[in-house]
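Undergrad: With chain A's structure known, arrange chain B on it following the hints.
In case you want the letters, here they are:
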Amino acid sequence: MPPRTDTAAMDTQPACDGAFELAATLTASEQDVSRMMQICNACRYCEGFCAVFPAMTRRLEFDKADVHYLANLCHNCGACLHACQYAPPHEFAVNVPQAMAKVRVQTYQDYAWPRAMGRLYRRAGLSVVLVLAGGLSLFLMLAVAMSGRLIHAPLAGNFYAIFPHNFLAVVFSIVFLFAILALGVGVTRFWREVSPAREVEIEDQPAIAAARLPATAEAVSDVATLRYLGGGHGEGCNEEDDRFTLLRRRFHQFTLYGFLLCFAATSVATLYHYLFRWEAPYPWLSLPVILGSLGGVGLLFGPAGLLWLNVRRDPQHGDRGQHGMDRGFIALLFLISATGFALLVLRDTQFMALWLAIHLGTVMALFLTMPYGKFAHGVFRSAALLKYTIEKRLPNRLASRGE
Amino acid sequence: MKFYFPQAIKNMSSKTWRCCAGNGRGWMASSGEPDVLVIGGGNAALCAALMAREAGASVLMLESAPRAWRGGNSMHVRNLRCMHDEPQDVLVEAYPEQEFWQDLLKVTGGLTSESLARLVIRHSSRCRPWMRRHGVHFQPPLSGALHVARTNAFFMGGGKALVNAYYRSAQNLGVQVRYETPVRSLEIVDGRFGAAITETGERITAKSCVLACGGFESNLGWQREAWGQNERGEWPAENFLIRGTRYNQGVLLRFMIDAGADTIGDPTQAHCVAIDARAPLYDGGICTRIDCVSLGVVVNRDGQRFYDEGEDFWPKRYAIWGRLVAQQPGQTAWSIIDRKAVGRFMPPVFEGTRADTLEDLAQKIGLDPAPFMDTMHAYNAACRGGTFDHTTLDDCRTDGLSPAKTHWALPINAPPFYAYPLRPGITFTYLGMRTDHTAAVHFGGAPSANLFAAGEMMAGNVLGKGYTAGVGMSIGTAFGRIAGVNAAQSAGFTHPEFKEEFAYAAAH
Numbered sequence: 096m097p098p099r100t101d102t103a104a105m106d107t108q109p110a111c112d113g114a115f116e117l118a119a120t121l122t123a124s125e126q127d128v129s130r131m132m133q134i135c136n137a138c139r140y141c142e143g144f145c146a147v148f149p150a151m152t153r154r155l156e157f158d159k160a161d162v163h164y165l166a167n168l169c170h171n172c173g174a175c176l177h178a179c180q181y182a183p184p185h186e187f188a189v190n191v192p193q194a195m196a197k198v199r200v201q202t203y204q205d206y207a208w209p210r211a212m213g214r215l216y217r218r219a220g221l222s223v224v225l226v227l228a229g230g231l232s233l234f235l236m237l238a239v240a241m242s243g244r245l246i247h248a249p250l251a252g253n254f255y256a257i258f259p260h261n262f263l264a265v266v267f268s269i270v271f272l273f274a275i276l277a278l279g280v281g282v283t284r285f286w287r288e289v290s291p292a293r294e295v296e297i298e299d300q301p302a303i304a305a306a307r308l309p310a311t312a313e314a315v316s317d318v319a320t321l322r323y324l325g326g327g328h329g330e331g332c333n334e335e336d337d338r339f340t341l342l343r344r345r346f347h348q349f350t351l352y353g354f355l356l357c358f359a360a361t362s363v364a365t366l367y368h369y370l371f372r373w374e375a376p377y378p379w380l381s382l383p384v385i386l387g388s389l390g391g392v393g394l395l396f397g398p399a400g401l402l403w404l405n406v407r408r409d410p411q412h413g414d415r416g417q418h419g420m421d422r423g424f425i426a427l428l429f430l431i432s433a434t435g436f437a438l439l440v441l442r443d444t445q446f447m448a449l450w451l452a453i454h455l456g457t458v459m460a461l462f463l464t465m466p467y468g469k470f471a472h473g474v475f476r477s478a479a480l481l482k483y484t485i486e487k488r489l490p491n492r493l494a495s496r497g498e
Numbered sequence: 101m102k103f104y105f106p107q108a109i110k111n112m113s114s115k116t117w118r119c120c121a122g123n124g125r126g127w128m129a130s131s132g133e134p135d136v137l138v139i140g141g142g143n144a145a146l147c148a149a150l151m152a153r154e155a156g157a158s159v160l161m162l163e164s165a166p167r168a169w170r171g172g173n174s175m176h177v178r179n180l181r182c183m184h185d186e187p188q189d190v191l192v193e194a195y196p197e198q199e200f201w202q203d204l205l206k207v208t209g210g211l212t213s214e215s216l217a218r219l220v221i222r223h224s225s226r227c228r229p230w231m232r233r234h235g236v237h238f239q240p241p242l243s244g245a246l247h248v249a250r251t252n253a254f255f256m257g258g259g260k261a262l263v264n265a266y267y268r269s270a271q272n273l274g275v276q277v278r279y280e281t282p283v284r285s286l287e288i289v290d291g292r293f294g295a296a297i298t299e300t301g302e303r304i305t306a307k308s309c310v311l312a313c314g315g316f317e318s319n320l321g322w323q324r325e326a327w328g329q330n331e332r333g334e335w336p337a338e339n340f341l342i343r344g345t346r347y348n349q350g351v352l353l354r355f356m357i358d359a360g361a362d363t364i365g366d367p368t369q370a371h372c373v374a375i376d377a378r379a380p381l382y383d384g385g386i387c388t389r390i391d392c393v394s395l396g397v398v399v400n401r402d403g404q405r406f407y408d409e410g411e412d413f414w415p416k417r418y419a420i421w422g423r424l425v426a427q428q429p430g431q432t433a434w435s436i437i438d439r440k441a442v443g444r445f446m447p448p449v450f451e452g453t454r455a456d457t458l459e460d461l462a463q464k465i466g467l468d469p470a471p472f473m474d475t476m477h478a479y480n481a482a483c484r485g486g487t488f489d490h491t492t493l494d495d496c497r498t499d500g501l502s503p504a505k506t507h508w509a510l511p512i513n514a515p516p517f518y519a520y521p522l523r524p525g526i527t528f529t530y531l532g533m534r535t536d537h538t539a540a541v542h543f544g545g546a547p548s549a550n551l552f553a554a555g556e557m558m559a560g561n562v563l564g565k566g567y568t569a570g571v572g573m574s575i576g577t578a579f580g581r582i583a584g585v586n587a588a589q590s591a592g593f594t595h596p597e598f599k600e601e602f603a604y605a606a607a608h
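Line order of the protein sequences matches chains A and B.
In terms of my numbering, the first sequence has 117 at position 22, counting the first letter as 1, and numbering is strictly consecutive.
In terms of my numbering, the second sequence has 132 at position 32, counting the first letter as 1, and numbering is strictly consecutive.
Chain A on its own, in the form it takes in the complex:
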């Protein structure tokens, strides 16, 4: 049978020496992906499901960079597992979604910036994010209570009577910008390391230049439509069995667009504040409240649905070790929306300060865990998809040699 070297001993990270460099040897999880890809490349039945397999066929060997690239292309839809003639109990024990998931979380750690923070990925579980959100909320509540305003006379939704606007803006900007920076550095490292960029041949340069625009458009569309949660035939991905369903794609779209709408609401409010000097609270029918409410609805339905699916999913899909990270992130998004709505409803009452503290604590928890939690999947997967849409427009060096 294909090589299944016992490498449990190699599954340890090398000490960080400051400069960014991936270990040359494959970890056990990476070897597993490499081994499976060699089997898949000799079979190719799953080529129609997603981008992973067409990308695979352009390679004959799977080194670390290839494995990282393919792992992040994988959407864990499960189609290739249920269709696999080599899946357990077959002795080849091919389970691509699970092997990819194990490597994927490892790539987030490997490419994390600062590197030492990568280990937080292993901690970003459900309880940690809940404790973090709760702790931050409690801290804010206490801060408010210390100055005697936690339960107060109604303030007509004037948040800044509780927390000065500039205080909020500075604190959240710092945390948010750090998250952007950390993820940006991480994904740049990923982009540079992952083939084919590493080994671009001179003659490919014009092709890459020509591919850039259409490739970007396609990658944006793939992300926007969550194309690869469609199963290749558009009937969706697998959940608890070999049946296809579009539920995950739909719930994920609720979540994605909910998040983007909430982000847009915040951005519009920031513009209002600084550009037009219109200060919160904004009326119910103002743009920030409408965007935020629509987004909030998405962030209630989407994460609730995703969590429901996550719990019911066939345990063979994905990596059980990551349930904490997945569910923690899902729960935070849900809580942000729930506390946001509570704040909207209660902003004219004496409980505004209390709910403001809870909501801000939850949002802060999301921002703090963003660069080292499940949020990273969107960034790394988008990069992998762009890599793929560029790569597929380049001549296939294998095919051009006469296949």
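No lab work stands behind these hints: they were computed from the structure.
Note that the structure is a prediction, hence the values are computed from the model and not measured.
Treat the hints with care, since some could be wrong.
Said to hold, decoys possible - Some, not all, of what chain B presents toward chain A, calculated at C-beta under 8 Å:
1) R178
2) L216
3) H237
4) D383
5) C387
Where is the CB? At the ideal position from N, CA and C, for every residue including glycine.
TA: Just chain B now, with coordinates in the frame of chain A:
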């Protein structure tokens, strides 16, 4: 596309049919005798079960394998060979009936029934909408398989995805499925099916029965007996690998032969491919194929070449190499290539043995270097040059060499060199039950009124020997559907719409 439910199914109480889903024990007590019993769990069995159910019959399927291994060899298939007169969704250009027939005639060397073959061929041109209705997805050919873009429609995700789709559809329609239920024997009186007796001794009666439980390829003892002992005193079949399921033990095939059913085919004829010798004994499937034969040379244990590696395009030749290797001493051989071939063939699942000189390579694979080097020198010297083109029957051939290599003959001189060990890999056997266009099992030339056969159990009627990609599925789908319709008919149920499709298929 709208899924249709024949009226008979709509009228049936769903309670009767759902009460014992997944629980075979409850079957007899709660539902009584099924109209149609289908023995087997692969493509042909599923096609039969779905058609019989669509006709309104109650259907019980008995699959010998556990659920994880259900589907027999169908979980390893990847496409369906289809006749078409013009481009059809995933199929380009045209593949007319006559061309399909000529291809089949060529590979079987005439060991086929023209009437049944044409029935299969014409059926293949119209069956895919039905397959789609039951959840099968088609896709354009896989990379590395573009040569069959015209002739073969690929299943998205391969055969296991198809099998899963059919099982889902069967479950939705109320077909009862029992896994891990191998059948030991049948009760047949005057050519009429009465009951099936399972391994555990349970007696299951039905109004009619479809046998679709495969050849005997997984039964190593039977293979050994069939192939016998050769002039070297070897039992060749001892060195065979089975590419598919371990569950095709041929129990009912043997039973039917002993019960006097008319048979067809030679027990040593099979879909037999040269595969990597390191493949597992069972279920190695597609990925153990070695596709570099036509790019290099193949030598046996004595270091000798034994056949023209470049006779024709590999997809047209891979199915003869299993037998060729089976005839070599030790039933083994090695495919030898050099650097020039790397990347030009489907990547093999196992790494080749690699060496920087041919002498080293011979030593590493355990061959006597002297005769091996003689063979290689003679071959290299005989390559007369030309313009290499693996996509055409090019002019690179050997001169004055026996056996010749008639295409793609380039000297093997660019290190590193690679060797892949070969063994015969049996996909499925062709010995089966003789039948006609009704799929009925025959006894002494007379058709049974209520016992039918489909799939590998009767593929030998069409395939006496040889193979062409995807035709096993064409046969299994055609006769599976026909068997299902006729089994339902003999139980008193008429399929609402197959008549016209069958009339077209049979009109030749």
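Undergrad: Provide an ascending list of the numbers of those earlier hints which the structure does not satisfy.
TA: Number 2 only.
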